[in-house]
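Visitor: Take a look at the letters that make up each chain.
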Amino acid sequence: MSESTVSTPPSGAVPLSTPPGSSRRAAMLHRVTQPVIVWVLVIAMIPLSRLFSEHFPSWSLINNAIVLGLFLAVVAFGQGFVILSGGIDLSVPAIIAYGAFFTGALSSAGVPTVLAIILSVAIASAIGLINGVIVARSTFPPFIVTLAVSTVASALLLGISAGRPGQTAPRGLIALFNGSISPAGIPIAVVIFVVVVAVGCLVQFRTSLGRRTYAIGNSMRAATLSGLRVRTTTVLVYWIAAVAYGIAGVLLMGYGSGSDLNIGASWLLPSIAVVVVGGSSIAGGSGSYLSTVGASLLLTILSIDISAIGLSEGVKQVLYGVVILVSLLLSKVGGRRQ
Amino acid sequence: MKTRITRLMTVASVAAVVALTVAGCSAGGTAGTGEKGKIYLDLSYSGNNWQDEGANLAMSVANSPEVLAKYDVKKVISGSDPQKQISDLQSMIASGAKLIVLYPISPTALNPVIKQGCTAGVTFVTYDGTVTAPCAYNVSYITGAQADDPTKAFFGAQTAKALVELMGGKGKVMMNRGVAGTSTDTVHYDSAKAVFAKYPGIQVVNEYYGNWDSSVSKQETAKALAAHPDVNGIWSEAGEDGVVKALEAAGLKIPVTGENSNYFRLKLSEGWPGVSSGSPPASGAIAMKVGLQILDKGASSVPKDIEIPLAWVTTQTAKVCPGTEFVDGCNFFKDADDSFVTEIFQKDLFPESSYDAATKGTPIVKLQPLPDLKKFTQPESRRLYTRGACDAGYKEGLVNSGQDPKGLNGCVKG
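Residue numbers (numbering that gives the first Met the number 0), protein chains in the order written: chain A, 0 to 337; chain B, 0 to 413.
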C-alpha cells in the first residue's frame, strides 16, 4: 500500500498535500451539496421575482420557466455529458437544426409523426457519432473538431434544404406546446420536463456509461491504464449528446411550429453557461445533471425577470452576463466551503 | 529524410497554390469578354422563409428564357458577415459582372467595393436593405407608403397608428423588434415610437428583440406576457406569427400589428384584430427586373431610389386564396407554411409572380415590362433613411408637410 503511494508516476495529477481519502469525500459532498445550492436559489428566485414585476410571482411565470427551461435542460444534458468527459461541443446549433428540419420535412412528405421524429433524431445524432469518432481517434481538441464538423454539417443542411426552412410541424407536436393537452391540469410540457430530468439523471448516475464518463473526465490516463474502453466511451458520449440536441430540435419545432435553419443558434452559449453555473467543472470529471437542470430553470427565470423590467437590449445582456458571473462565484464559494 | 519530404511537399503545395491563383485570375480576366454577360444574385443569410422566397423570386426572373438567352446567371450566398460579402462582390466584379442584384448586409460597409464596381461598369441594384453608395440603385419598402395614399409613409409609423386605433387610443403596448443594431429595425422602431408618443393614453410597457424569427418572437413574447398579462396590444416586426402563437398559448386575444406571414393573415381572416404590412419578398424579383431594364434601356430609364408601396391587409380584408394566385383580392395561401411570407406578388411591378416561383424558383415564362417607375420614386424627404444624407438642394430637418405622421426627421428644401 505504502509502496504504491511512493511510486506514483511523476505526471500524476493527485495533489500531494491532500490525503486522497478526504479529497474523495469532499468531492462526494460537493456532488450532493451543489444541486442543493442551485435548487435553493431557484426556489428563492420565485418570490424574489416580485422585485421585477408586480405580476410576479405567478403560475404563468413558473409555467413559462418550465416550458422555456425544458429546451435548455435537454440541450444542456448533452453539453453537460460532453463536458463531463473532458470535452466541449460546439456543434449544438447544427444538430438542433437537423432535428427540427427533418421532423418538418419528413412529416410534410407524409411520414407518420412518430416515425418522422425517430428518423430525424437518428439523422441528427449521426453528426454526434462523427464528432465522437474524430475526437476519440485523433489528438485534436474537441472544440476544433466539433466546430469543423458542425460547419460542414450546416453547409450540407443548407444544400439539402436548398435554403428552404420551416416546413409546418406535425399537429401532434404543436399540441404539446399550445396548451391543448394537460392531463389532470398539468401542462404536458411539464410532464416532459420531469421525464427528461429522470432519464438524464438515470443515464448519468445509474449506467456504466455514465460512470465511465466520469472516469475519463477525471483522468484520461488513469482510465486508459485501468483498462476502460476510452474510445468507445468517447464516441458514445458525443452520440448521446447529439441525440439530446436532436430531441431539443424536435421540441423547438413543435414550440415554434416551424423552423428557420438557424433555430439552434441561440442555444450554444446558454448550454455551456448552465452546465458551469450548475457547478460542473469545465475541465470535466465532476458535475451533476440535477444541478444543471436547476441552473437551466434559474437562468430562464432570470431572463424572464430581466425581460419584465423592460430594459434596453444592451443592458439586458450585460445584466445576464453579470448574473452568470455572480452565480459562478457563488457556486465556487459554495463548493470550496465543503 | 523526413524534413526533405516535408520541404518538398511545401514547395509543391506553394507551386500548386500559385498555379491555381494564376489560373483563377486569367479565367476571371478573360470571362468579361465572353459572348454572354454575367448577372449575379448575391444574398445574405439563407435559411429563413423571407430570404429564401426573395432569392427564389429574383432567380425566377433571372432564369426566364428571354434573360437566359442573353446572360449567364449565378446565385451566391454571402452569409451575415459584411467582409464575406465584400470579397464575394470583389470576385464578381473581377469576373466581369454586368449586373449584381444584392441583399446588402450593411448600408455603409459595402460602399468602397460598390464604388470600385461602378467604375468598372457594373450595375448594382439592392433589394429590401439599402446602401448609401450613390451609384447603386435601391429598391426598398423601408420608407414606403400605403398604396392608396403616398403621404402615409413608414411601416413602423403606419402600423403603430393602426394599433392605437384598434386599441381605442389608450392602453398598454409591447413592441417586438427585429435584429438589434440593424438600420431597418431602427427606422421601423423610431417611426413607431414617434406615433406612440403622440398619444398620452398609450404606454409602451415592454420592448424586446424577436430577431425577425417566429420561434424567438414566440419565446420573447411569452416571457414578456408573463410579466404583463394586462397588455392591450402588440406592435411587431417580422415574427408576428410567433407573437400570435404566444398570445394564443396565454389565452389572450388582443390587437396585433405585424408583417406578412401566412399564419398571421389566417388569424386575421378568422377575426383576430390587427394589420399585416411590411417587407415583401417580391422586392427581390422587382430589383432583378429593374437591373435588367437598366442593361436593356439604359440607366436613365430608372430612378435611383425606388420605393415599394406598403402591403396593407386588415381583419376585414384578409382572405384565403383558392389556389396559388392572388385573385379576387385574396392575400394568403391555404397550404403554405405558417411563416411563409405572403407578399410574393406586386400588382404593378411584379404581377407575373407565382407560388412556385417563390417556393422553388420556377422560371417565369413571360416577363411583364415594368411600368413607368416615376410613380415609385422615393420622395426626396425620405432619402435620409436610405442614403444617409439628403440630395443636393435639401437639408436635414423635420418633415411637417406632405407626410403623415408629421414631424419625423427627414430632408427639407433649403
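Hints are computed from structural coordinates only; laboratory data are not their basis. Errors might be hidden in some of the hints.
Distance ranges between label pairs, derived from CB positions [what the hints assert, rightly or not]:
no.	chain 1	residue 1	chain 2	residue 2	range
1	B	75	A	114	43 to 49 Å
2	B	400	A	171	54 to 60 Å
3	B	73	A	159	18 to 24 Å
4	B	408	A	43	55 to 61 Å
5	B	65	A	158	50 to 56 Å
6	A	47	B	408	40 to 46 Å
These stretches of chain A come out as covered by chain B in the derived footprint (C-beta under 8 Å, 3 or more residues) [to be verified]:
no.	stretch
7	148-162
8	253-259
Note that beta-carbon positions come from the ideal geometry of N, C-alpha and C, so glycine has one too.
Visitor: Provide an ascending list of the numbers of those earlier hints which the structure does not satisfy.
Guide: Result: hints 1, 4, 5 break, sorted rising.
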